[in-house]
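Asks: Kindly produce the complete structure, drawing on both the sequences and the hints.
2 protein chains.
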Amino acid sequence: MSISVETFFLDTAAEGTLQARIQQMVAQGILKGRFRPGERLPSSRRMATHLGVSRITVTLAYTELVADDYLTSRGRSGYYVSENAPEPPAFAAQRAATGTVDWTRAIGRPFTPGVNFDKPADWASYRYPFIYGQADKTLFDSTNWRLCALQALGMRDFTALTADYYDRDDPKLVDFITRQILPRRGILAHEDEVLLTMGAQNALWLSAQVLLNSRRLAAIEDPCYPALRTILTQARCQLSTVSVDADGLPPDALPDGTDVVFTTPSHQCPTAATMPIARRKALLQKAEAEDFLIVEDDYEFEMSFLKSPSPSLKSLDQNGRVIYVGSFSKSLFPGLRLGYLVGPAPFIREARALRATVLRHPPGHIQRTVAYYLSLGHYDALIRRMGRAYHERRKVLDAALKAHDLTVAGVGTYGGSAVWMKAPPGVDTALLAARLRADGVLIEPGAAFFAAEDPPRQYFRLAYSSIPVARIPTGVALIAAALKEMAGESISI
Amino acid sequence: MSISVETFFLDTAAEGTLQARIQQMVAQGILKGRFRPGERLPSSRRMATHLGVSRITVTLAYTELVADDYLTSRGRSGYYVSENAPEPPAFAAQRAATGTVDWTRAIGRPFTPGVNFDKPADWASYRYPFIYGQADKTLFDSTNWRLCALQALGMRDFTALTADYYDRDDPKLVDFITRQILPRRGILAHEDEVLLTMGAQNALWLSAQVLLNSRRLAAIEDPCYPALRTILTQARCQLSTVSVDADGLPPDALPDGTDVVFTTPSHQCPTAATMPIARRKALLQKAEAEDFLIVEDDYEFEMSFLKSPSPSLKSLDQNGRVIYVGSFSKSLFPGLRLGYLVGPAPFIREARALRATVLRHPPGHIQRTVAYYLSLGHYDALIRRMGRAYHERRKVLDAALKAHDLTVAGVGTYGGSAVWMKAPPGVDTALLAARLRADGVLIEPGAAFFAAEDPPRQYFRLAYSSIPVARIPTGVALIAAALKEMAGESISI
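Residue numbers (this note's numbering), protein chains in the order written: chain W, 19 to 511; chain Y, 19 to 511.
Just to be clear, a hint being listed does not mean it is correct.
No copy labels: a pair is met if it fits in one copy or bridges any two.
Listed below are the simulated EDC-like cross-link pairs for lysine to aspartate or glutamate, each with C-alpha atoms no more than 16 Å apart in a straight line [what the hints assert, rightly or not]:
hint : residue 1 : residue 2
1    : K190      : D29
2    : K155      : D175
3    : K50       : D193
4    : K190      : D277
5    : K137      : D185
6    : K190      : D210
7    : K420      : E507
If you are wondering where the hints come from, they were derived from the structure by calculation, not from laboratory data.
Replies: Pasting the structure below:
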């Protein structure tokens, strides 16, 4: 039996080359049971005419399908669905019934709502995206990344790509982190003091699980990264929040009996404050005197374009009290999901055992690609390119904020990728953000960063990591105009 | 100042092309501060002669270094270290002190020893690797995988690659799983009933966290996948073990008050038993009658080369009581770390919230690559190729085991990738495995699969997923010889 050419339609919404789409169309028909073994495909000429593509494209697609044993070629008589082609399942699939389970009871431990992510997935379609923590297409070095990924996909690296590492990491990547990245933060570490993680999020989570329990007291900054608060809430430990000031976390304000402090000394999240050296030393002294540990989230240290970054807290730590969290999310891209923990070997051993149970290891291909990207120097080149661009954007942003007389509540001394803003009294920045979306402007309302049930609502974060420099002045002007309108409204009420 | 050509040495142990290694050598020298801005590199001709490579290779490396702004080119006068080149850190890195922390006290929750992985990382160098669950270079379709990975790295997919998905998954991949993979297991599911995970391990872990707590009773098979026992031990729930028979888990043996049953009906791990339909239905009836849930680990269902696989337990589930765990680790490769959970929406919602806290989402590039690989039909082609090879290996293995009169304790009715073996009484298969390593033979001792403190020691697993068919007879002969020797020794004692 011949399959009619009329049954074929190219999915216009599909992606990929024409050839790939033809392969996909034929393979799907076979997999769904529409075409059966032994049936004859339309000739490449007929198919090409029908689809309006060149004949060679169809021939190439057919040849690929033969290689995958979907089709067989019988010389001049044409292409047939292979006798070895996969068969559709013998039983009909059925939709699971809604069920008889009482899920409010069946859930043993609730984790919702968890972190509340309300950033729009289509942020790139906004004209003025002051959005935080996303990759900028215009800065990222896709070509070299692709080359490194391709190298890591080669047969030479087959094992690195495919193997079950169990609880281990890619030795090449660990080597580059210890030899290249950590020394820049003033840290020397052995390989048994480093653990790769699924981003900084996973590193913070592992730290919380290993160091805390229901009797231990964790201290976090207020405001702070909301996902960290969720991590600690789910960890079911005691939790205290400490308000930060212009220098970040004040050690004197830590409550008695603190077991673990989570802090962001390089760029306090979200206020961007940098902790001065004297305060870092005071914090370490207090940790030693009161026998607590410190988890240092050093995200974004690479973005120090205003002056050289100060040494990390960990590099000042004489007593093995600091667990260091690093990440490639800000410097490469967040979808990579790769970060690392640095700490004393007994801690890393526990975190590694937990990671093995939870997920085994970060994917081999991701690890090897980053290892190549680092070793070839592309990483450093990218950081410098990003630093130059951020520096320029920051200057323009600072000038625009000043021109419109907007209040900056916090900026990074060394750089960073965002400023922390304060709206006039009475303005709810969640409403401001909603209003600005209609103008194509994305800002991040600040309430979610605060621990209080009724948090301050007048703060917001303006990131310059994804917005082109030329659009910053208009974007800020739109924010200023909206703020003026809202202030007027609140007065008129 | 000129940099002497004598200071350059190609690292002979390094990987990558000659050009890449030259780039790396120069970049490292700059990053470590050995070469300073303004210093002149040796001419490409001198460098080429010194290193014994072609001049064009050096020129290409220099050109790349200029593109990354490590070097600048000053026309005929040559290449110089760029004024914008990155600087080494201003402070010296220091090794963290051993410290003053009492780590036996500081660990809030211990996770070691956790899963005990004692498989050799260099298994591929063994001549007779009856090793389980690793990718076979000779079967895996690297070319098409590489093409799909490359497509997923294109600018068209920039967002899919780089974006922070927060708690979401790649819609393309979820779509293919629900439309292509699940229907083959008899399952229809909406996208809000599917969650991507970091392999089956992560899926099982998430399920345990969401469904259990200290008052709930989980039942697992005995013997079972050791990492599952670790997951449940760390979950701090009540745990009971149920001995399996030749048909897998017997529902009648489940203790009263069971809340969640973890089972492997397709191929019981490790005995390879397939649960008959009648028993599946009995298990589901009991679940409904006694109000418990079932987590079905359907790993390796694709490897059904002897006959069509029976429908999954989930497809028979009328009451929404089954959580289904799928994985690409066996069909693609374990280093991918990609699996999925299918279950009622209220369960998936909780698992998604927990995943967001623990790691956010599996890397975007991995998800998109698998989506392409599935959509182009390569996945099905690979499964068939693997199935044919496994079928052939299984026939040869069965014959060899019979010829040497070795005792098979369990085999998969539908296929699988391993057989479960029983050594003569008195043989400790851990000693057998150690002895066989010297002969280049890798087997997996069975004791770790059992829950008992003093587990049976005479079982072992023989996998045929990574051993070439031609080596199976000799490998089995070596095992038979070692068993005969050990039996003789145990008699002589």
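Asks: Look at each hint and say if it fits the structure.
Replies: Against the structure, the hints come out as follows:
| no. | hint | in the structure |
| --- | --- | --- |
| 1 | K190 to D29 | between (43 Å within a copy, 14 Å between copies) |
| 2 | K155 to D175 | between (28 Å within a copy, 11 Å between copies) |
| 3 | K50 to D193 | between (48 Å within a copy, 15 Å between copies) |
| 4 | K190 to D277 | neither (34 Å within a copy, 44 Å between copies) |
| 5 | K137 to D185 | between (34 Å within a copy, 11 Å between copies) |
| 6 | K190 to D210 | within (14 Å within a copy, 38 Å between copies) |
| 7 | K420 to E507 | neither (23 Å within a copy, 88 Å between copies) |
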